[in-house]
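Novice: These are the residues of each chain, in order.
Number of protein chains: 2
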Amino acid sequence: MNPTTTKKIDWNAIAKELKGIEIITDRLQVAKLSLDYYHFSPILQAQLKDKRGDLVVRPQNETEVIAVARTCVKHKVPLTVRGAGTGNYGQCIPLNGGIILDTTRMNQIRWIKPGLARVESGVKMAAFDKKAKEIGWELRMVPSTYRTATIGGFIGGGSGGIGSINYGQLRDRGNVQALRIVTVEDEPRILELRGDEVQKVNHAWGTNGIITELEIALAPTYPWTEIIVIFDDFISAARFGQALSDSDGLIKKLVSIHAAPIPSYFTALSTYIPEGKHCALVMLAEFCLEPFQDLVREYGGQITYQKTTEEGSKGTSIAEFTWNHTTLHARSVDSSLTYLQTFFFTLERVEQLYRHFGDEVMMHLEFLRVAGKAIPAGLQLVRYTTEERLNEIIRYHEEQGASIANPHTYILEEGGRKTIETEQLQFKEMVDPYGLMNPGKMRAWLERRGSL
Amino acid sequence: MNPTTTKKIDWNAIAKELKGIEIITDRLQVAKLSLDYYHFSPILQAQLKDKRGDLVVRPQNETEVIAVARTCVKHKVPLTVRGAGTGNYGQCIPLNGGIILDTTRMNQIRWIKPGLARVESGVKMAAFDKKAKEIGWELRMVPSTYRTATIGGFIGGGSGGIGSINYGQLRDRGNVQALRIVTVEDEPRILELRGDEVQKVNHAWGTNGIITELEIALAPTYPWTEIIVIFDDFISAARFGQALSDSDGLIKKLVSIHAAPIPSYFTALSTYIPEGKHCALVMLAEFCLEPFQDLVREYGGQITYQKTTEEGSKGTSIAEFTWNHTTLHARSVDSSLTYLQTFFFTLERVEQLYRHFGDEVMMHLEFLRVAGKAIPAGLQLVRYTTEERLNEIIRYHEEQGASIANPHTYILEEGGRKTIETEQLQFKEMVDPYGLMNPGKMRAWLERRGSL
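Protein chains in written order, with the working numbering: chain A, 1 to 452; chain B, 1 to 452.
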């Protein structure tokens, strides 16, 4: 499938060349650092489970990154960049072996000022937020894996998350303000992309440049309180989610809606969500609690849990039951479950699909802003039977006007974006002329090379 | 029109009863404190220019307010509450004389905490913001008259303003969290309205209770920068306004769009807006400037002015050329001008009406959030000829599907709301059983009394 193979590589020579940089060759360790959470998909599981890198490097700084890039080019070795490996589509799984560049030692925060920060790509999100909160700011959006995930990994492989109800997605203008990358050329260069230019590399899965630093916009931090609201019927819960998202006077960071029986997979929350109930998991600014209660009343909900700001990071965080942590918890109870990623655009479509599939596709909604409007996105849980049936379910969604960002493919363009991003391809031609970076993931490159 | 008249009132006896409370009886002073900016409307000007109160009281605290209320009831004297008198519809102009209660001496800030504050109703908005900014917060929305306007006056007679692009309008759940009022009964009572209950009194023009304290939600304060962008054509400017409003990653507080020749009335800004150009006046978080420039480029605009955060309150603030200050500046050049208040809902309708009326109705848009969506609202300048023609213009807008909040009436229900607010009427029946408060303004009350 890919012209680059690792057959004639002299790994000892390479290790020698990289002397001074931390290298991992231990088989088990390398295996662990070759994978991500691809196993949420039974399709990807079969395709990717045996993929391994040959060695892992853990550079501490850009100089070491440049050395790694130079070596990869010299030996024409595949190079796959990873953060904490919390992705779900095999974004950082090496299809053709080679070097895995683990960024987690590049964890310096360059500066944090009101509204903006500059960090190395391996900085962990939770660690960053702890620091930023000291001056009243925090990351605008984080995945449910924020405790371990890196900022660079999120920009490389993610798209949005907790906070997207306010700030939209990473690709929205203003959220990522600059990216500094190292190219994978004979003589690697450092490039700084600013403004709209960042889209060349944003969400390109590390196929076109090694991100070493980022400038990201911040959000003011609020005294967040975590709330569980239960509902007798799912549609009321969904409408409540839309109404809360559209309530301009209520400050929130998370509006996550779960149809029964999904909450039954949330073992740690079982006290608060009786069997058969549907629920909303909400992060709300604490000073909005009183008017929020009026909204809950209007939609027939009942607040069963509230964790105050002071209790903060202690104990369970409901954020870790939302976005793809929902899938994680459900799969820890029933590993036959998988999921979809869906843009419904309207609540009417949510309702129609909810009724159509019944228990086979359990409705999980995350509200987020797209071009200024709050819309429900689905991370529905699917009772998996066969690949054929899964594709049938996807097809039916699309026939009904929903859009599926297929999480059962490791091809960049077959997931969320659907179309080839010409500017990402052109940028790859410039910064990765030998096609060494994360080979096999960018369809446009493979087609150009006639290898797909 | 109203049963209450002031014919047989013994003003000396009243003054005696109110001893200890500041009273103003000087004719010129009383005349000044009887009026507001009603003269923006030639219709209201004719109707209201001779209306005067009989005396003005300036209570310092709630105890004094209660004494005033008791006296009004005892003598069956009309009572009209005013803040700084910066309204535009004669909201606080006494139609039948009586006592004017000026709240501006009740200017204590009870407390400010993150996200929420409690103030007396006479606190001035600019003074409050100065204080709140010390701990990183500010008012969520302010009128263009924020330098002098009071918080109580804004809630009593206003609806939204600078900041509404983020937080919607005052009536949106969460923005006003509590109101404390004194009733105008034989034995005045103090009532605290919380949550949705505040709607009973919000924007009721002081017809149903004297607001003495308020709890208002705050916004985090950003390092705001003021920017002027010019455009060759109006439609590009309008589309830029919508795009900026919908850009979830760009933090703004003001998106104000002006078709030529409106900017020609902004004498102080003439250096930055060449003749014939259309402009956007923007307040933007300073750290968003770089991605903002990309947006400006996309819409063919040109930045001609930027005032940094450090320059702050020094010199001209572009905010004071927006909302109804636009009308103020235009009228200071040409006093025959008046204005409209319009919800267009879509940009297509803006464009159609812009082309239809040409120079007779000059397009001025303010973007604000309504139920989660940013929409363009109009404060168009109208070249006034006759009342008949003005009504024709209004009718045409409505035939085209726009909604006009008529600023040429002093009847509460004929302005923005259109419908009778049953809960405000019922509340008035309870707290103002003699109909003394701001008589002649609430149509529902007049109809109930058979006096209209």
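It is worth saying that the hints were derived from the structure and are not from the lab. Predicted, not measured: the structure shown is a model, and the values here were computed from it. Honestly, I wouldn't trust all of these hints.
Any copy will do: because identical chains look the same in the list, a pair fits if it lies in one copy or spans two.
Said to hold, decoys possible - With a straight-line Cα cutoff of 25 angstroms, these simulated SDA-like cross-link-like pairs (lysine to any residue) come out:
#, residue 1, residue 2
1, K130, R110
2, K76, Q426
3, K113, R443
4, K32, E421
Novice: Indicate, hint by hint, whether the structure satisfies it.
Specialist: Hints and how they fare:
no. : hint           : result
1   : K130 with R110 : within (15 angstroms within a copy, 32 angstroms between copies)
2   : K76 with Q426  : within (20 angstroms within a copy, 81 angstroms between copies)
3   : K113 with R443 : neither (39 angstroms within a copy, 53 angstroms between copies)
4   : K32 with E421  : neither (31 angstroms within a copy, 65 angstroms between copies)
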